[in-house]
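Produce the entire structure from the sequences given, and follow the hints as far as they go.
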Amino acid sequence: MAGGTGSSEKYFRIWETIMKIPHGKVATYGQIARLAGLGNHARMVGYALHASPPGINIPWHRVINSQGKISLSKEDGRYDLQRSLLEDEGVEFIRERINLKKYRWDK
DNA sequence: CCCGTGACGCCAC
DNA sequence: AGTGGCGCCACGG
5 MAGGTGSSEK YFRIWETIMK IPHGKVATYG QIARLAGLGN HARMVGYALH ASPPGINIPW
65 HRVINSQGKI SLSKEDGRYD LQRSLLEDEG VEFIRERINL KKYRWDK
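Residue 5 is where the first sequence starts when you use my numbering, and the numbers rise one by one after that.
I should point out that these hints are in silico values taken from the structure, not numbers from a laboratory. Predicted, not measured: the structure shown is a model, and the values here were computed from it. It cannot be assumed that every hint is accurate.
[As the list claims (entries may be wrong)] Okay, derived cross-link-like pairs now, SDA-like style, lysine to any residue, Cα gap no bigger than 25 Å in a straight line:
1) Lys105 with Val95
2) Lys111 with Arg47
3) Lys106 with Tyr83
4) Lys73 with Arg99
5) Lys78 with Ser88
6) Lys24 with His65
Below, the structure written as structure tokens:
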């Protein structure tokens with residue numbers, strides 16, 4: 005294959021990395037970007053998630069920002085959804101923040 | 001082809 | 001701890 009340079013491949017790589025996040029753990033955008041081989045381009049991860057096709061089975065809710073908070077706006081309905089999904093996995097929220105020292109995917 | 005926008009991160013104040 | 005600004009890359013108009 006001559007240079008598999010397809011942005012789709014990048015996205016796939018990101019999704020694949022996110023799928024590896026263990027149950028009850030979370031990962032930051034920067035962390036995913038790094039593990040996916042994209043360097044520190046965290047924005048790409050967020051964009052890839054936004055561009056993720058509906059129906060794809062990826063634990064998008066386990067991806068949060070470096071502050072340990074949900075990057076979505078509280079106005080967005082997905083904010084509460086993400087929080088609920090995480091709490092359902094045993095991830096504890098303190099105010100609107102997650103203790104990364106405790107729940108960050110150790111990888 | 002130029003410009004604005006974004007599910008981010010880091011640094012300065 | 002909160003706010004503002006810059007960088008970085010991809011995509012739609």
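Keeping to a limit of 25 Å between CA atoms, is the pair of Lys105 and Val95 held or broken?
-> holds, 12 Å
Is Lys106 within 25 Å of Tyr83, Cα to Cα?
-> holds, 21 Å
Given the hint that Lys24 pairs with His65, test it: the Cα-Cα distance must not exceed 25 Å.
-> holds, 13 Å
Compare the distance between the alpha carbons of Lys111 and Arg47 with 25 Å, and conclude whether the hinted pair is satisfied.
-> holds, 20 Å
Does the alpha-carbon distance linking Lys73 and Arg99 stay inside the 25 Å limit?
-> Distance of about 10 Å is within 25 Å: holds.
Decide if the proposed pair is consistent with the structure: Lys78 and Ser88, CA atoms, cutoff 25 Å inclusive.
-> holds, 13 Å
Hint violations for this structure: none, all hints satisfied.
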